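The listed protein sequences correspond, in order, to chains A and H.
Following the numbering used here, the numbering of the first sequence begins with 1 at its first residue and continues without gaps.
Following the numbering used here, the numbering of the second sequence begins with 1 at its first residue and continues without gaps.
Check each hint, because a few of them may be wrong.
Okay, the calculated beta carbon distance ranges per label pair [stated by the list, open to error]:
#1 A:R306 to H:S230: 42 to 48 angstroms
#2 A:D627 to H:G140: 47 to 53 angstroms
#3 H:M28 to A:E51: 31 to 37 angstroms
Quick list of in silico lysine-lysine cross-link-like pairs, DSS-like style, CA-CA up to 27 angstroms [claimed, not checked]:
#4 A:K204 to H:K138
#5 H:K273 to A:K295
#6 H:K213 to H:K225
#7 H:K128 to A:K301
#8 H:K225 to A:K301
#9 A:K204 to A:K321
#10 A:K214 to A:K204
#11 A:K245 to A:K321
#12 H:K128 to A:K245
#13 H:K39 to H:K225
#14 H:K213 to H:K273
#15 H:K275 to A:K245
#16 A:K321 to A:K404
#17 A:K420 to A:K404
#18 A:K214 to H:K138
#19 H:K128 to H:K275
For the record, the hints were derived by calculation from the structure and aren't laboratory data.
The model shown is predicted, which means the values in this text are computed figures rather than measured ones.
Even for Gly, the Cβ is constructed at its ideal location relative to N, Cα and C.
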Amino acid sequence: MKKLLALLLAGLVLPSGIFAVGHAQQPAPGPALEYLLKKIEVLQNENRDFELRDAIREAVGMAPQDERVLRGFAYVSDIFGDHAAEAYERWATALEQAGASAPAVREALARGFIVALRDGESASAGRISERLTRLRDTRFDPISATASIEKKASQTVVPGGRHALGQILGLNPDLPSGRFALEYALAILRVGTIPSRDRDVFRKSLRLYFSTVKALHTFGTREANGGVEIPLDLRSEAGVVVASKVLGLLGWQIRQSPNNFLIELSPDEDASIRQSFTSAFGIDELAMKMELEEKQTFTLKLHDDREALIFDDAFWIALLKQQGSTSSFFEAVLQNHKLPQLYVAFAGMNEETRRTLVILLGREDLLGSTRELALYGSSIIIDAGRVVVPGGPEAAAAWSSLTKEGPDHPGPFVRNLLRKDGGKLFAYYHAIATLPQRNQRFFTGTAHRLGSFYRAFPFEDQVSIDHNAFVRRDDPFVRLARDLPFNEDGSIRFPGGARIWAIDRSNAPAKDDEVLLTMLGRTYSHGVIRISPVENFLAVAHIESHRREPLDDRTALTLSQLYPKYRAIFPYFAAMPALKGDAIDAFWRAAEQLEKFEGVALNTALGEFHSLVQLTIIFNQLGLLSDDDAAELFTSTCLRISAIQRPEEIGAAAFEGLERILEKSGRRLNESADEFFLHAVAGELGSADFRETTIQRLREVLRLQSIGSMDPLLAVYRAASALMNGDAVSWKEVEENVARLTEIEEEPGDNLSNTLRSSVIAGDPQEVSAIVASLKRQLSARKPSKDVARTAARLIEELNPLLQTTLVGWVYAYYFSPDDLAIASDRYLVRRHSFHDDVTEDYWPASRVAQYPGAMGGSYLAGGFAELAAAAGMIGKTNVQARDSIELNNYVTTTSAQLAAVRSVPWRRVTDLGMHSVALKLRLARELVVLAAFDPILLRELSDATTGLIGAHRRFELVDALTHRDFDAALRLLSPGDLYFLADALGSVPEYKKLNSPVRTAFETSESEAFGQHQYFGGFHRRTLACAHPHLVRLAPFEEYENQQLLEPLAERLSEILLALAEAADRDGIPAQALARLADPAIRRYSLRMAGYGPRDWMTAIDMMRSVDLKALSPALERN
Amino acid sequence: MKLAILISLLAFHATAWAQTTLKVDVRMIEVQAAVYDDKGRAVTNLAAADFRIVEDGSNQQIGVFEPASSGMTIAVLVDTTGSMVVDLPHVKNAVSRLLSVLSPEHSVGMFTFASHLTQLSPFTTDRKATLSAVLRMKAGGTTALFDSLAQLARGTSSINGKKAILLLTDGDDTSSLLTLEASVRSIQHIGIPVYSMLYGRALEDPTLYERLKKISQSTGGVPFKVREPSEVSRVFERIAQDLEHIYLLGYYSSNTASSQWRAVEVSLPSRPKLKLRAKEGYWP
């Protein structure tokens, strides 16, 4: 096998110059083709993949049989993942026809075989496999590409079939084989074990379902294929009796009159539940109704499926006290909640571990430990008679000291793990086992350290275990352990030095462990909440991770001190990596000044502050401001605000701040501010049409929200400033600009309360006009008034609410879409924004969508702009088109996070090359996964590389699928993010270095040029990373989020969908600037497909990411 | 009917003699009217000349007239929030019966709403397709009534001719992004009559009932209170009768005011004893 792999890895390559060597004599090409071939060669040498693809396609049109052209076509199809296997088949055929040598043909086909498996083109793989066999190529024997090796596993019957039961529970019936029983057990656990209405309805529905299936079986004839057929016929009295009973089981009834029958839905209590079974069974209800009403025979058909099961039905039934009541796994786990807990636990273990546990613990102990096993069981690995402990073999002694048993004795070791401290040790063991390997090695470095952190481990899951709840808490220990920042030498990187994080900040050097342990052992109060110092530490460490230079001790300490009160705006600090200590000080002073404002003025001032900061960040992300400029502008804005003497001066400070930002960002003298903003966002990439569309959409948001122009505001402000300085102004210009000032007009049906009116219609252009008239009078008097400066200052004050609205409107225009229903239909949305929370007196709340109480309904946005993309995601879920809106209570948290990810991308900077590079990396990872099936060494490296990247159960499934050559099942287990980081992890293994593939070469060539671009395709990580700009980070496996109390972390984990969209766009030849338009509708379509499944069903979510079809959305490009 | 007509006017400017092109976006304003005699019987034999339309005090010339017998587009909008689980079979049966009594030329679309609007079947005269959609209705979720009404109004804006929304809801709004006012504005912009049927918890909130009553009345629809689920069918029958006797009047407004509410008054000068129901105005 090793020899085969060497051939495979080394031989499946094209020469670096795809036209360098011809395999056989070619017919003389025409001059046009010859020219094109030369051009193609140049393009390939210069790695200009996009132009190369176009040129080769053109060449294929000119010479569809030419071997050299088809070789090139295979190459570009390979690196773009676009029907590459077919392209290799064509090339191989051309080689044969051109009389090429058999080895050359075989190499082309072998490469085609691998890319077919990589790209999920099983039909091509099958064809190529046959051709290779005919050519006596035995590399892939005895393995068939199209039929995986049969697995031997226990099976059980799914009553009514996978589709029916799946539909009742909201489970995806098309999940990989073997997963259905696990998802079923998870669904039961998620509704909880504590009696509640939802739980009761859920259990009642399931019991009713099983009893209905059983009852229906008694009316029909069992077919050979395991199905049952029930004919219904109303032409006889006996038939009516049978039909009434059968229809009653399905929630229908027969209303009989002398001459006819009316088939109606039954209004009985259980009827609506039963009615859902009818469609779940795939029965055509309308046909049933109409055919029976027309006195025709209607035949119901039901069928059962068989599904893989851990152990067998008998095992699970034997665990029940009353064993005679059921005969199937599915009913058994419904009777005792410990059974689904145990199933979930077993699903995360290998076969040896499961069997050892069953033998070791016996029935009673096994059932007595199911709560802990369900939460942490996946971290127990018994292999070849010994426990594989977190941290590796070097950690054995450390774990032995805690468990009082060595991992060489699995029985006692596991027993002690389960029993010690009521499950605390088991929880701790799991927490360490799910960390990245480097972090595992840190905690298990010494027995003393492992023991010390064990004592500090808070064991917050104890509440869940005590209440038998399948919910885990996101505790500070786990966050600290996972996000611990390291220096290159393996020591902890404390922002500003360890001393400032120690309680005793004397000069004595603090030991790393002690500092961390002290933080873990303490909490402090901020208002009504308690915060762990760990949160401060991680927040500051996260800011530092964005910076080129480490934070100095004073800045780190100041940030830590600011954290409790200002944590909602920390994403600002993360987004501006060049901020220095003076900037943080300036912010703190500005914040103190802003907090002195009250009422409407407070909202206006905070709105201006947030807008100026956010515009600085936006222009920085768009590449118009350097990091240093952004930091300098932030500092100057804060200093200017902190220097104001009276609240009325905030307007002048805001105008000055805006002018500085625009000037530094490149606005030319006398250039319209409005036009500058629009063109800055639209950028210079992509076609003129895309840019123009972007500008139109920005304008539309501004129009829908009645946002006034910035230009007249700035012009009048400049005039007022000039007058304050005693300079002359052109009154004609001033009056023309005043005439251009607008404020929204209240209409009779608006029903604004007095309070709301004063805040949403704060600007008064008429008053501005009156002040200008007054100024004109004062200056035209024979003896100019001494009040001119004061009146000019009043003019700026009066402009201020209008300025705030336009500034806020600009930020909204950047993040929101004219297709968002709230933007399109609520013309007050921008003006309703509440930047502070009156009730809690929180001046710096997080961005959120708030709901008005009472029958008036409606929502508004609250909080600052630091996480505005999150709110944009929430608002964006409801589109003006109903078909593009997302159900609120199902998959909406994930959709919101995904939309937030799209809306936080500075699209004007995203390049086709960046997108291509990301796509190549995903293809490379898939290729390595496929190759691992043929190479035991690579498979082992793959298994190691996926530790901490994917959950234990998935790792077993992945290795198992590859062992059985089930490539589709293997690739379905990995999300785009998993693949991305898998490519990183495998990039350093020895087998990778042997790989010689066009995709690897193209990726490595693109990577340096696309530096920094990959980030744009990361997700949105407000809660998981405290960041509001796109990030591509290696987070914990999905499994670690699936049963967390809050949905948001899992939703953010799934926000990596942009990676899948990038790959699809790259494959389909859709430019990055077009993806900017298509990403939003693509996510809507994707989310609508997910609507039938549970919000925690990440497995279906990642599976569906594979089939995103951007081409089908091209009409959306025309609309947008 | 939104009839966008670009009228190019060559205007001579007195001083500069400059030639200017003015673009005026004019849309046809549709008004649906139901007419009854003093015994509540529908009057179906009126002609365009019998009607008079006054908008903001100015007489308008009726350019389009469809008699009561012509077909119309009907959007059935059913609340399928979680609280509807028990009553949904009643509603499905009632809608099924409604479909069987509506004139075959009426085009019916089936919509549900919980957290947002869902189109179960497009507008069609194929009753089987609509009935199949009715049977697919499922309950669950929160109530985004105002968002759904606004989305439905937008969705029907491009449909020409007579149309109506039949709304059935049992609860107050719990999750809309839009306020009631924003939603009403969208409906009034489109000018589609809303027949609202409220029952269950919706009846416990007098404010909500008053608001929906206002929506119905201002758009030319009718509000109904449904005390028992079994009454749904009866109310649907009344609505079906009403829908069979509606006139469509269309005019191009002479009003040039930009964005103000425009009050519309429809009357029958030659038949003063007859009762008439039509929308009260619209947002341009």
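Structure-based check of each hint:
| no. | hint | result |
| --- | --- | --- |
| 1 | A:R306 to H:S230: 42 to 48 angstroms | 45 angstroms, holds |
| 2 | A:D627 to H:G140: 47 to 53 angstroms | 48 angstroms, holds |
| 3 | H:M28 to A:E51: 31 to 37 angstroms | 51 angstroms, violated |
| 4 | A:K204 to H:K138 | 17 angstroms, holds |
| 5 | H:K273 to A:K295 | 51 angstroms, violated |
| 6 | H:K213 to H:K225 | 10 angstroms, holds |
| 7 | H:K128 to A:K301 | 22 angstroms, holds |
| 8 | H:K225 to A:K301 | 42 angstroms, violated |
| 9 | A:K204 to A:K321 | 21 angstroms, holds |
| 10 | A:K214 to A:K204 | 15 angstroms, holds |
| 11 | A:K245 to A:K321 | 33 angstroms, violated |
| 12 | H:K128 to A:K245 | 25 angstroms, holds |
| 13 | H:K39 to H:K225 | 22 angstroms, holds |
| 14 | H:K213 to H:K273 | 25 angstroms, holds |
| 15 | H:K275 to A:K245 | 51 angstroms, violated |
| 16 | A:K321 to A:K404 | 34 angstroms, violated |
| 17 | A:K420 to A:K404 | 10 angstroms, holds |
| 18 | A:K214 to H:K138 | 24 angstroms, holds |
| 19 | H:K128 to H:K275 | 36 angstroms, violated |
The structure shown violates the earlier hints numbered 3, 5, 8, 11, 15, 16, 19.
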